[in-house]
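**Q** Given next are the chains, with one letter for each unit.
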Amino acid sequence: MSRSRPLSPNIQIYRPQLTSVLSIANRITGVVLGLGGFGLVAWLVAAALGPQPYAAVQSAFISWPGQVLLVGFTFAFFLHLCGGIRHLVWDSGRGFELGSIYASGWAVVAASVVLTAATWVASAVLGG
Amino acid sequence: MIIRSSSQVPRATLLKRFPVPKNFGLSEGSRIQRGRTWPAPAGARRTKTLQIYRYDPDADKTPRLDTFEVDLDDCGPMVLDALIWIKDKVDSTLTFRRSCREGVCGSCAMNMDGTNWLACTRSISDLGTPATIYPLANMRIIKDLVPDLTHVFAQYEMIEPWLKSHTPTPERERRQSVAERQQLDGYYECILCFCCTSGCPSHWWNGDRFLGPAALLQAWRWLADSRDEATEERLDKLEDPFRLYRCHTILNCTRTCPKGLNPGKAIAEEKKAILARRS
Amino acid sequence: MDRERMGSPLARAIGLGSAKSGVEHWWAERVSAVALVPLTLWFVASTIAHIRSDHAGFVAWLRGFPTMVLMILLLLALFHHTALGLQVVIEDYVHSGLKLPAVVAVRLLCFAVAAAGILATLKIAWG
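Residue numbers (our numbering), protein chains in the order written: chain A, 547 to 674; chain B, 4 to 282; chain C, 187 to 313.
Possibly wrong hints are sitting among the right ones.
Unchecked claim - Pairs of lysine-lysine, DSS-like flavour, derived with a Cα cap of 30 Å:
{"no.": "1", "chain 1": "C", "residue 1": "K206", "chain 2": "C", "residue 2": "K285"}
{"no.": "2", "chain 1": "B", "residue 1": "K146", "chain 2": "B", "residue 2": "K90"}
{"no.": "3", "chain 1": "C", "residue 1": "K285", "chain 2": "B", "residue 2": "K25"}
{"no.": "4", "chain 1": "B", "residue 1": "K167", "chain 2": "B", "residue 2": "K146"}
{"no.": "5", "chain 1": "C", "residue 1": "K285", "chain 2": "B", "residue 2": "K275"}
{"no.": "6", "chain 1": "B", "residue 1": "K275", "chain 2": "B", "residue 2": "K167"}
{"no.": "7", "chain 1": "B", "residue 1": "K64", "chain 2": "B", "residue 2": "K92"}
{"no.": "8", "chain 1": "B", "residue 1": "K275", "chain 2": "C", "residue 2": "K206"}
{"no.": "9", "chain 1": "B", "residue 1": "K90", "chain 2": "B", "residue 2": "K51"}
{"no.": "10", "chain 1": "B", "residue 1": "K146", "chain 2": "B", "residue 2": "K92"}
{"no.": "11", "chain 1": "B", "residue 1": "K51", "chain 2": "B", "residue 2": "K262"}
{"no.": "12", "chain 1": "B", "residue 1": "K240", "chain 2": "B", "residue 2": "K167"}
{"no.": "13", "chain 1": "B", "residue 1": "K167", "chain 2": "C", "residue 2": "K206"}
{"no.": "14", "chain 1": "B", "residue 1": "K90", "chain 2": "B", "residue 2": "K25"}
{"no.": "15", "chain 1": "C", "residue 1": "K285", "chain 2": "B", "residue 2": "K240"}
{"no.": "16", "chain 1": "B", "residue 1": "K90", "chain 2": "B", "residue 2": "K262"}
{"no.": "17", "chain 1": "B", "residue 1": "K64", "chain 2": "B", "residue 2": "K19"}
{"no.": "18", "chain 1": "C", "residue 1": "K206", "chain 2": "B", "residue 2": "K240"}
Please keep in mind that the hints were generated in silico from the structure rather than gathered at the bench.
Generate coordinates for the entire structure from the input sequences, incorporating the hints supplied.
**A** Encoded structure:
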């Protein structure tokens with residue numbers, strides 16, 4: 547009998563925990579930000595080409611779907627930034643006790659929400 | 004919300020599993036079907052429902068999930084006690100590894116309610132209803148809850164878990180100060196249950212080449228040992244984009260270790276050592 | 187059991203042996219990350235501060251020498267970090283023959299887009 551052995555389920559049954567959820571969130575936001583980088587260059591190229599292409603890109607940003615995307619993008623940015631700093635602290639060898647892992651994890655989530663809100667409040671106040 | 008020890012059982016969570024289909028990515032021979040239901044014996048007052056992964060290589064084409072109702076007044080408090088009760092009173096074909104029943108041998112490692120732990124040190128009362136019992140995640144299954152640990156043990160063998168020295172054997176012991184011996188604390192206690200490696204998503208996707216937290220923790224145990232003289236070769240063998248650097252500090256390993264050890268920290272120390280020797 | 191591969195489990199675990207390198211990629215990702223912390227925060231702050239600007243205002247802002255330098259540094263660090271990060275993501279999930287072409291394509295794309303961004307910045311500032 548040469549049937550190969552079945553593989554036990556992994557992601558199908560493994561419990562999502564703060565550890566794995568924040569890690570995959572850091573990766574997803576990283577990929578999103580990478581796409582955002584292309585968007586940044588599109589904006590710069592539009593500006594380099596002249597006032598009309600620039601105005602076209604700007605109007606896309608100002609439209610309400612554009613604004614929704616930008617809010618999401620800002621949250622992704624702060625989540626990846628705070629998560630990235632958490633990673634840099636780990637790379638120095640610190641913060642590996644479970645209590646610290648969980649505390650820093652929740653701090654990253656809270657900070658990202660607060661910073662996103664602060665950014666958008668500031669831009670509303672300054673921009674009108 | 005703040006977990007301070009890996010023995011803390013996860014309580015209410017938003018998600019019991021990641022939002023993927025039940026048999027997502029599993030090949031045909033690995034997909035789980037619904038299995039038999041075994042009701043509680045007559046007269047049982049306190050019962051617990053356990054859904055247990057079953058696979059019989061002689062009879063089954065695919066694995067299945069059997070449902071057992073355990074009489075809690077007739078068996079001990081730990082999940083291993085429930086499994087032994089089932090094997091004794093209900094279905095003698097239920098197969099699982101076990102030995103010490105006190106959390107020191109590592110035989111009964113399995114996935115209970117979504118997290119890897121030892122069945123002999125997990126209380127039945129800590130499980131949900133119905134409780135789900137699967138073998139260690141992402142392992143080839145020999146039968147029921149018995150995984151094939153050949154590959155993960157081969158990865159352990161590869162890191163050469165023994166003292167390597169070039170200086171001649173001393174007449175008496177190889178001396179080590181108290182502080183030097185303390186460098187091994189938190190690493191020598193590993194019982195090689197492979198809960199950590201089995202819970203690592205990076206090992207799920209790249210387990211053929213990524214060593215995984217268990218082997219890497221033991222690799223650090225030997226790197227940190229002041230009596231060992233093969234540090235250079237050990238680090239050379241580890242410094243590889245897949246063997247070591249598939250670790251992205253996900254930290255499921257530290258969360259799930261039933262002995263409270265910290266593979267994530269050991270791996271960070273290895274990365275620091277590799278950086279230190281070239282800077 | 188009839189198996190295609192009959193090497194020992196140890197041989198399979200060893201594979202092709204250790205590359206004896208890998209820290210360079212890891213280190214570069216960290217260095218570019220450290221650079222990106224102040225650069226991205228500067229960018230977000232500047233965007234908020236200049237939210238009312240039209241094209242002329244944007245050009246005037248970018249013409250400032252410090253602004254131009256920071257923007258170019260941002261693009262360099264951002265696309266270096268992005269290329270390294272995406273390479274790791276591809277290596278993690280793609281195991282077929284598609285892996286190497288995908289890594290090459292992503293690296294070249296990041297380089298090209300970074301170059302376009304830098305040249306656009308220079309054109310705005312000097313053109």
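**Q** Now, for every hint given, state plainly whether the structure supports it.
**A** How the hints compare with the structure:
With a C-alpha separation of about 21 Å, the suggested pair C/K206 and C/K285 falls inside the 30 Å cut-off, and the hint holds. At roughly 14 Å between alpha-carbon atoms, B/K146 and B/K90 fall within 30 Å of each other, so this suggested pair holds. Restraint check for C/K285 and B/K25: satisfied, since their Cα atoms lie roughly 27 Å apart, inside the 30 Å limit. Straight-line distance between C-alpha atoms of B/K167 and B/K146 comes to about 37 Å, which puts the hinted pair past the 30 Å bound.
Only pairs whose Cα atoms come within 30 Å are accepted, and C/K285 paired with B/K275 is accepted, the gap being roughly 29 Å. About 22 Å separates the Cα atoms of B/K275 and B/K167, which keeps this hinted pair within 30 Å; it holds. About 26 Å separates the Cα atoms of B/K64 and B/K92, which keeps this hinted pair within 30 Å; it holds. For a cut-off of 30 Å, the pair hint linking B/K275 to C/K206 stands: about 15 Å separates their Cα positions.
Only pairs whose Cα atoms come within 30 Å are accepted, and B/K90 paired with B/K51 is accepted, the gap being roughly 15 Å. For the suggested pair B/K146 and B/K92, the alpha carbons sit about 20 Å apart, so the restraint of at most 30 Å is met. With a C-alpha separation of about 26 Å, the suggested pairing of B/K51 with B/K262 holds against the 30 Å cut-off. For a cut-off of 30 Å, the pair hint linking B/K240 to B/K167 stands: about 14 Å separates their Cα positions.
For the given pair, B/K167 sits about 20 Å from C/K206 by alpha-carbon distance, which is consistent with the 30 Å threshold. For the hint pairing B/K90 with B/K25, the CA-to-CA distance comes to about 27 Å; that is within 30 Å, so the pair holds. For the hint linking C/K285 to B/K240, the alpha-carbon distance of about 24 Å falls within 30 Å, and the restraint holds. The hinted pair formed by B/K90 and B/K262 meets the criterion: a straight-line CA distance of about 27 Å does not exceed 30 Å.
Taking the CA atoms of B/K64 and B/K19, the gap is near 28 Å; set against the 30 Å cutoff, the hint holds. Using a Cα cut-off of 30 Å, the hinted pair C/K206 and B/K240 holds, with the two alpha carbons roughly 6 Å apart.
Of the numbered hints stated above, the single one contradicted by the structure is hint 4.
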